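Peer 1: Sequence:
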Amino acid sequence: MLKNELLGKHSHNNRDSREGQVLRYVREARKLSLKDVAAKLNLKSLDIDHFENGRKFYSPEDVSKFLVCYNFSADNFKDIMGLKVLNKLLVNHFLMKP
Numbered sequence: 007m008l009k010n011e012l013l014g015k016h017s018h019n020n021r022d023s024r025e026g027q028v029l030r031y032v033r034e035a036r037k038l039s040l041k042d043v044a045a046k047l048n049l050k051s052l053d054i055d056h057f058e059n060g061r062k063f064y065s066p067e068d069v070s071k072f073l074v075c076y077n078f079s080a081d082n083f084k085d086i087m088g089l090k091v092l093n094k095l096l097v098n099h100f101l102m103k104p
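Take the sequence shown: its position 67, counting from 1, is numbered 73 in our numbering, and each next residue is one higher.
Hints in this document: simulated from the structure, not taken from any laboratory. One should not assume that every hint holds.
List of simulated lysine to any residue pairs, SDA-like, C-alpha gap at most 20 Å [stated by the list, open to error]:
id: 1; residue 1: K41; residue 2: V74
id: 2; residue 1: K46; residue 2: S65
id: 3; residue 1: K50; residue 2: S70
id: 4; residue 1: K62; residue 2: K90
id: 5; residue 1: K62; residue 2: L95
id: 6; residue 1: K62; residue 2: S39
id: 7; residue 1: K50; residue 2: R36
id: 8; residue 1: K71; residue 2: A45
id: 9; residue 1: K37; residue 2: L52
id: 10; residue 1: K62; residue 2: Q27
id: 11; residue 1: K41; residue 2: N77
id: 12; residue 1: K90; residue 2: V74
id: 13; residue 1: K94; residue 2: N82
id: 14; residue 1: K62; residue 2: L49
id: 15; residue 1: K41; residue 2: K84
id: 16; residue 1: K94; residue 2: E34
id: 17; residue 1: K37; residue 2: K90
id: 18; residue 1: K84; residue 2: P66
id: 19; residue 1: K90; residue 2: N77
id: 20; residue 1: K84; residue 2: L73
id: 21; residue 1: K94; residue 2: C75
id: 22; residue 1: K41; residue 2: Y76
id: 23; residue 1: K41; residue 2: D55
id: 24; residue 1: K46; residue 2: S79
id: 25; residue 1: K46; residue 2: A35
Cβ pair distances, simulated, as ranges [claimed, not checked]:
id: 26; residue 1: V91; residue 2: D53; range: 27 to 33 Å
id: 27; residue 1: L95; residue 2: N59; range: 25 to 31 Å
id: 28; residue 1: K46; residue 2: P66; range: 16 to 22 Å
Model, not experiment: these values are computed from the prediction. Cβ coordinates follow ideal geometry from the N, Cα and C atoms, glycine included.
Turn these sequences into a full structure, and let the hints guide you.
Peer 2: Here it is as structure tokens:
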């Protein structure tokens with residue numbers, strides 16, 4: 007298992023990963039399509055879908071790339087990852103922070 011300050015404990019089978027949920031919520035709140043993000047990060051849309059839905063493993067570098075693309079701070083990401091309950095409303099709250 008890997009442990010990283012941006013990532014929770016997880017294995018290569020990270021179905022329903024919190025990382026994926028948070029990054030999907032942020033992408034949707036930023037009104038970015040899978041195609042938009044794929045073009046910016048030089049990935050395939052399907053790869054991003056696999057990340058978000060827990061079928062592909064996140065490295066710390068992957069998370070950082072997504073956060074930069076979404077203009078979302080690592081500190082806010084870590085705060086959200088620490089929440090017990092995760093939903094779009096809570097993520098939107100962090101998006102409104104200055």
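Peer 1: With reference to the structure, classify each hint as holding or not holding.
Peer 2: Here is what the structure says about each hint:
For the suggested pair K41 and V74, the alpha carbons sit about 16 Å apart, so the restraint of at most 20 Å is met. Among the hinted pairs, K46 with S65 is consistent with the structure: their alpha-carbon atoms are about 18 Å apart, no more than 20 Å. Taking the CA atoms of K50 and S70, the gap is about 17 Å. The hint holds against a cut of 20 Å. Using a Cα cut-off of 20 Å, the hinted pair K62 and K90 is violated, with the two alpha carbons roughly 23 Å apart.
Note on K62 and L95: the hinted pairing is violated, with a Cα-Cα distance of about 25 Å set against a maximum of 20 Å. Pair hint K62 plus S39 holds up; C-alpha atoms about 18 Å apart against a cutoff of 20 Å. This hinted pair checks out: K50 and R36 have alpha carbons roughly 19 Å apart, not beyond 20 Å. About 13 Å separates the Cα atoms of K71 and A45, which keeps this hinted pair within 20 Å; it holds.
Restraint check: the Cα-Cα separation between K37 and L52 comes to about 18 Å, which is no more than 20 Å; the hinted pair holds. Note on K62 and Q27: the hinted pairing holds, with a Cα-Cα distance of about 13 Å set against a maximum of 20 Å. Between the alpha carbons of K41 and N77 the distance comes to roughly 17 Å, so the proposed pair stays at or under 20 Å and holds. About 25 Å separates the Cα atoms of K90 and V74, which puts this hinted pair outside 20 Å; it is violated.
Distance hint between K94 and N82 is fulfilled; the C-alpha atoms sit about 14 Å from each other, no more than 20 Å. Restraint check for K62 and L49: the C-alpha separation of about 13 Å stays at or below 20 Å, so the hint holds. About 26 Å separates the Cα atoms of K41 and K84, which puts this hinted pair outside 20 Å; it is violated. Using a Cα cut-off of 20 Å, the hinted pair K94 and E34 holds, with the two alpha carbons roughly 9 Å apart.
A distance of roughly 25 Å separates the Cα atoms of K37 and K90; the hinted pair therefore is violated under the 20 Å criterion. With a CA separation close to 12 Å, the supplied pair K84 and P66 stays within the 20 Å bound. For the proposed pair K90 and N77, the alpha carbon gap of about 24 Å is over 20 Å, so the pair is violated. Distance restraint check for K84 and L73: the Cα-Cα separation of roughly 11 Å lies within the 20 Å cut-off, and the hinted pair is therefore satisfied.
Taking the CA atoms of K94 and C75, the gap is near 19 Å; set against the 20 Å cutoff, the hint holds. With a C-alpha separation of about 14 Å, the suggested pair K41 and Y76 falls inside the 20 Å cut-off, and the hint holds. This hinted pair checks out: K41 and D55 have alpha carbons roughly 10 Å apart, not beyond 20 Å. Between K46 and S79, the direct Cα distance comes to roughly 18 Å. Compliance with the 20 Å bound is thereby established for this hinted pair.
Taken as a hint, the K46 and A35 pair is honoured in the structure, with Cα atoms around 17 Å apart against an allowance of 20 Å. Between V91 and D53 the C-beta distance comes to about 28 Å, which sits within the given range of 27 to 33 Å. Restraint check, L95 to N59: a C-beta distance of roughly 21 Å breaks the suggested window 25 to 31 Å. Distance hint check: the CB atoms of K46 and P66 are about 19 Å apart, consistent with the given range 16 to 22 Å.
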